[in-house]
Amino acid sequence: MRQEFYKTLLSPLWLVVLALAVVVPPLLPSYYLHIVILSLVYVALASAWNIVGGMAGQISLAHSLFIGTGAMLSSALLLKLGINMWLGLVISALVSGAMGAIIAWIDFRFQLGHLSFVLITLAFAEMGTVIVEGWEFLGGASGLLLPRDTGNFWAFQFGGGIGAFWAMLVLAIASILINVAVLNAPLGYYLRTIRDNENAARAIGVNILRYKIAAMVISAMLSSVIGTAYVRYLTFADPYLLVSPIIIIEIVLFATVGGLGRAYGPAFGALLLVPLGEILRGKLGGTLPGLHYFIYGVVVIAVILMSPRGLLPLFENWWARLRSRPVATKQG
Amino acid sequence: MAEFLQALAQGVLIGSTYGLLALGMGLVYGVSGVVNFSHGDFISLGMFLCLALYSALALDPYVSLIVTVPLMTVLGGLVYWYLLRPMVGHQFLMVVQLTLGLSLVLQNGILMVFGGQSVRTPSVVESKLWILGEVVVRVPHVIAFVVSFAMAIGLYIMLRSTDFGRSIRAVHQNAHAAALMGIDVSRVQTLTFALGIGILAIAAALLLPGTPIQPSQGLRYTVITLIVVALGGMTNFVGIMLGGLIIGLSEAYGTIYLSDTLGMLLPYGIFVLIMLFRPQGLTWSSSR
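Protein chains in written order, with this note's numbering: chain F, 1 to 332; chain X, 1 to 288.
Please note that a few of the clues may not be correct.
One side of the interface only, derived from the structure: several residues of chain X facing chain F at Cβ under 7 Å [stated by the list, open to error]:
1. M94
2. V105
3. Y253
4. T255
5. L258
6. L266
7. L273
8. L276
To be clear, the hints were calculated from the coordinates, so they are not data collected in a lab. Please read these numbers as outputs of a predicted model, since none were measured by experiment. All C-beta atoms in this analysis are idealised placements derived from N, C-alpha and C, irrespective of residue type, glycine included.
Bound-form chain X, shown alone (with noise of 0.2 Å):
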């Protein structure tokens, strides 16, 4: 019983910081259609620049967001109106095979800068326990987790009621539409990858401690991200975060009750069975 409940309370933790990375590419697909392939990537270079300025001027990673969270959303910004933006109107394969493109430029840069061997960052609380009856949480996986929830609910929050949000929303729906009721397309899609980036850098400082870090990580983490994009549903917000929970939580079990090779295989397994039998969770063709 205390491995089912540890388990559950680090799936949980772990999964609400995967359905943070999430809600950006969904965000992202949901006003441009673009998916992608780099978005690991980002989250490496987020988990890169924390290093680096640690190295520097012995910042915390919590601390180093003041300096990351702009840097990657201007960074977004430019890649989208520089790169993606001209590719907008041609055959969507195309887009996915440019992101391919930009997961190497990203993941070699970082190698070329940084080395391929496995680095840790340190933090303040990367070492902090938390002690519940039988099971044992680490400090880091808490605040990712309160974190995680408080920015999902901003952003739908933003979403419901701003400008900017109910512009996101009128594109989302019907690009056309939207640019006959004045709403300028593609500063808004630049303006929501931008702030896809800005979100990777958070969720980055969040899953930074305690974690060793190296370049070739990043195709990992798309892949987990497009499994939790694609659970939930593509845009649905709720899914996507519940889709995080899912995977999360089949890590945690598969590697505790499986061998390490299934366990890993888990949520693999999951996502093609949701992909093959449930195709009318998966929004993405009828709500564009």
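Next comes chain F alone, as it looks inside the complex (with noise of 0.2 Å):
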């Protein structure tokens, strides 16, 4: 399993990829680097959910209080107490992670079904929107400003534009590595038996309880760092883009269209989509607001009943077929 994973790292494609990411971004003007941030904080974020929501198959709509965790408290920590952000986002990452443990247990305890995991995660996503407005610690529904970015490392700065793609650029890669170490390790292979038969899973000694946990505390923490490094990104702590249950609609759309449970699935389907919706959101956004979002659902409407697995699987086959043998799929 090891093995696997080392080979996927040193995959030529994989190698090619990266240089690519490390080389072109900084070349492109600050628009084009903007939308190329937006992606990877995506890419990030749907790799997150995928442990989750692909592996373990729970569609957790739970993953926005994550988020907004990050975002929110690490900010309001350090507006309101002056506490380092970087202490604010493992603070951040510690509550986020004890907040998806007791979400897990809830699933277990109760033994919820994947409709009740659902509604549940739902109605936990509009409470913490509806705790943040009106909670003046978090900012309300008016949100927080934070400090302009003065490139200061040591109080979580990058600089805004580069630095802060940099920072974004190792977020995403090490939530893809995160995704491809944990779908090889044992951990992987119990979440996909508890998805696909969780009595099967049980009756054969697997500790349900225990990998449910580990796969949402992962996520969640993974999420709420994300959420802190976003942030800093947009200076502006905004409820609404942040908290809000549609940013976390929007990942698992990203992360369906990509192919659920694989590991570069749900970043396949951001890296699709986002820059789509921020070009149209640029070029019409002004006549046409919503656009991209429309389009975002025509797009998970038709790739979901043409190819219900995803459009990865569909290029993978495609791949394998021009190179005329058969690849070595990664089942999710």
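Hints in hand, dock the two standalone chains.
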């Protein structure tokens, strides 16, 4: 399994993508750099969500809580209590991890079915929005404005633009690597067993509670860290963007379009849709607000109807036919 | 005491409409197992259609039902036939994701046509009030209450004693057996979905007078509807109407006796607790 992990790590395709990601963006004008950074944020978030939503097959809509905690709590700690944002990042991640563990425990303790899990996590997400909007400490409905990014690394500042790009690139790669690692570790096999047949998993002695909590905590802490980095890039902690269920619905849709449960599927979906949406918004956002979401919706519906397992499997088949030899598929 | 009665009246009146919203979703779930996450956006669509008819022809929301109900019913039928029917037999979660996609399409389609600002649609009864002792009720709420219950009773009778109603119940109980008895299952499912969306057109007009609307409201309505349906045990008719009343009352009392934030949290809190501690009230696994 470890071998598999290193093999993926050193595959030529991965290295080429990595090299391009390192070389090209610094040369881009700032508008396109912004799109690249945004894509990386969603690549990271969708991959983080994939550990729970794809591998364990639990459509969690509560991830907006973790992203929101990472963003709003760390900002509030900095602005209201003067706590360094690095420490705020750790505190937020721990809080998110604890919330994730509680949600996973509730899921296990009350034996929620798939539908109940979706509904309960949606209710939690809505409650999170209401709480943040009504709690002045977290910025209330008006949000929080972070101090200007002067590039002071020790204050969790990366100097905007290109600095934020490096930070996001590191996070996105870390998020994908964690996916690959989990997928190839025993945890990944247990999660897929639980997803495909929970009773069978229980019968052969898989400790369901432990692995559900592990998946949720990893995913929650990762989402929280990404949330903190995202808000530092945005500078303005906007509850309607960062805590609303919309952000998690977007992530679910990116992951679905790319291919659920695969290491690269969600990243692929985000890389495809975020630039598309952003460019549409840039070109037509003034005259037709909402067009990019409209297109996301249409793409998602089309993909689900044509290839319910996502686009990545389609491309893999196509690639395999092109090279006319069977490709080693990473079945998710 | 006046406050208490006022909240009681408000909660019951609004709650009955929540119940009506949820009946449509419950019917659809019972017959085809689809949980429609774009439900609230269809409500939005109904409301904005009323607004469009008012702007173009100065029609009162209650009058524009003549147009919106057939339109939405047909739309619902098309959506089920072309988008949801092909998903039958696929994993249940794919349908959830598809309706989430549909929700984005509807919400942003509305946004592109009508813009994002909050608007009101006037109606002749909008500002009329009835004063009963210490309690003041708004006439639109009374109309909503009466129509909702009439619709609920009408649906109940339809399900009990018409051929269509019987075929709905047959598919609900056992789709396979129903098919063997010569019932065209996908036809029944499509018509039920169309019916559910048609009911939404009515509910939208009932909720509209005096309520500011904006395209992004859909998700809130979806969540409220899901909560009510889940409270009512997904397919239980009386349970769903009761669930609507519970949510309406908890909203009304929550905003009066608790702070704004706590008041808005109350329905969600009640929902989570009931889901966790009374799962036997939720019949979604045993009935199918």
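| field | Numbered hints the structure breaks, given as an ascending list | value | 3, 4, 5, 6 and 7
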